[in-house]
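A.B. asks: Work out the full structure: start from the sequences and follow the hints.
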Amino acid sequence: MGVDGHARASDGAAPNPPPDPAGRGLSEAEFRSAVGAVEHAVDARYEWDAGVAIGGFLEGLREGRILGRSCSSCERVLVPPRMFCERCFRATDAWVEVEATGTVQTYSVCHVAWDMRPLDAPELPAVIAIDGSDGGFLHVLGEVDPADVAVGMAVEAVWKPVGEREGSILDIAHFRPRRGA
Amino acid sequence: MLERISRPSAVRRWPGSIPVGHRYTPGRAGEVFFTALRDGGVLLGSRCSHCDLVYAPARAFCERCFSELVPDTEVGPGGELTSFTIAFVDVDGRPFDLPVTYGLVRLDGADTVLVHSVLDPGDEPLEIGQRVEAVLRPEGDRTGSILDIEGFRPQPART
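Top to bottom, those sequences are chains A and B.
Residue 1 is where the first sequence starts when you use my numbering, and the numbers rise one by one after that.
Residue 182 is where the second sequence starts when you use my numbering, and the numbers rise one by one after that.
By construction, these hints were calculated from the structure, which means they are not laboratory data.
Since this is a predicted model, take the numbers as computed values, not measurements.
Hints may contain errors.
[Claimed, not checked] Some chain B residues close to chain A (C-beta under 7 Å, calculated; not the full set):
# : residue
1 : 196
2 : 198
3 : 206
Just so it is clear, CB atoms sit at the ideal spot from N, CA and C, and this is done for glycine as well.
C.D. replies: Okay, here's the thing in structure tokens:
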């Protein structure tokens with residue numbers, strides 16, 4: 001062994017890995033200018049099968065209606081709908097249309113988008129408890145100053161124009177404070 | 182009872198995509214390799230004197246003994262075809278107009294192989310062990326890419 005504790009090739013044994021590998025992190029400029037660099041984007045597409053319950057829910061949104069499923073055992077209306085009541089452990093019974101109104105159950109004021117882009121105007125994601133149902137769903141608030149938002153605030157759906165709806169949760173443009181509430 | 186779907190078109194599918202872009206830098210040895218290829222038209226390997234092996238393309242470490250290596254050994258441009266395959270569709274499954282032959286080439290002076298395309302195989306069937314030679318792009322067209330090598334052209338058998 002050498003005095004530095006590392007095996008030498010002449011010892012016949014493999015040398016140890018170097019204690020200070022010459023590799024290091026690259027600066028942004030080095031990363032961008034590196035000779036021989038390769039850029040690629042994986043085409044990662046997918047399709048999500050909405051199923052019977054959410055499929056019906058989305059079709060309802062296209063028609064400007066919020067649909068739920070009722071369970072006659074626990075007398076709940078499930079929004080978004082499920083074909084199975086997880087509380088009673090039985091199939092739900094019927095489609096029910098509920099009002100496109102609700103209350104803010106919880107909300108957040110977001111200053112960055114999902115990919116960390118700064119937003120000029122903050123977005124207001126909120127869970128809306130839908131009136132006449134046992135459920136609710138995540139959406140965004142609009143036509144409101146972030147400082148005026150409060151848990152429990154009454155809100156109503158603002159629908160996209162009929163021609164722009166595509167059977168998507170975004171067929172509701174946003175929820176706004178309920179007029180006259 | 183649960184509803185059953187009788188019309189497949191009634192199934193609502195929601196399409197989406199995930200942006201997964203990346204940039205791969207070839208590292209210290211790789212940058213030396215590509216710079217030498219671009220500017221000098223030479224192919225560099227790294228010799229491990231401990232293992233008596235030459236890696237080509239050049240790399241920074243010996244994978245057997247972890248010694249640090251430097252791109253110090255010129256290899257090729259001739260070499261030996263150690264394996265090949267003939268592709269009729271591209272990576273996305275789209276048919277090629279003409280089939281493309283890919284091969285593993287052990288460059289002369291090297292102990293490892295690299296993957297590249299085999300140019301103009303012609304009517305003579307390729308064989309494992311066939312002599313091939315690197316065809317480089319003209320100097321001004323080279324960008325520091327593995328595609329600065331256009332491919333490997335089969336050579337007539339030595340007599």
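A.B. asks: None of the hints should be skipped; say for each whether it holds.
C.D. replies: Against the structure, the hints come out as follows:
The closest approach between the C-beta of residue 196(B) and any C-beta of chain A is roughly 5 Å, which is under the 7 Å cut-off, so the hint is satisfied. Given the 7 Å rule on beta carbons, the hint for residue 198(B) holds: about 5 Å separates it from the nearest Cβ of chain A. A hinted interface residue such as residue 206(B) counts as satisfied when its beta carbon comes closer than 7 Å to some beta carbon of chain A; here the least separation is about 4 Å, so the hint holds.
When the structure is compared with the earlier hints, no violation turns up for any of them.
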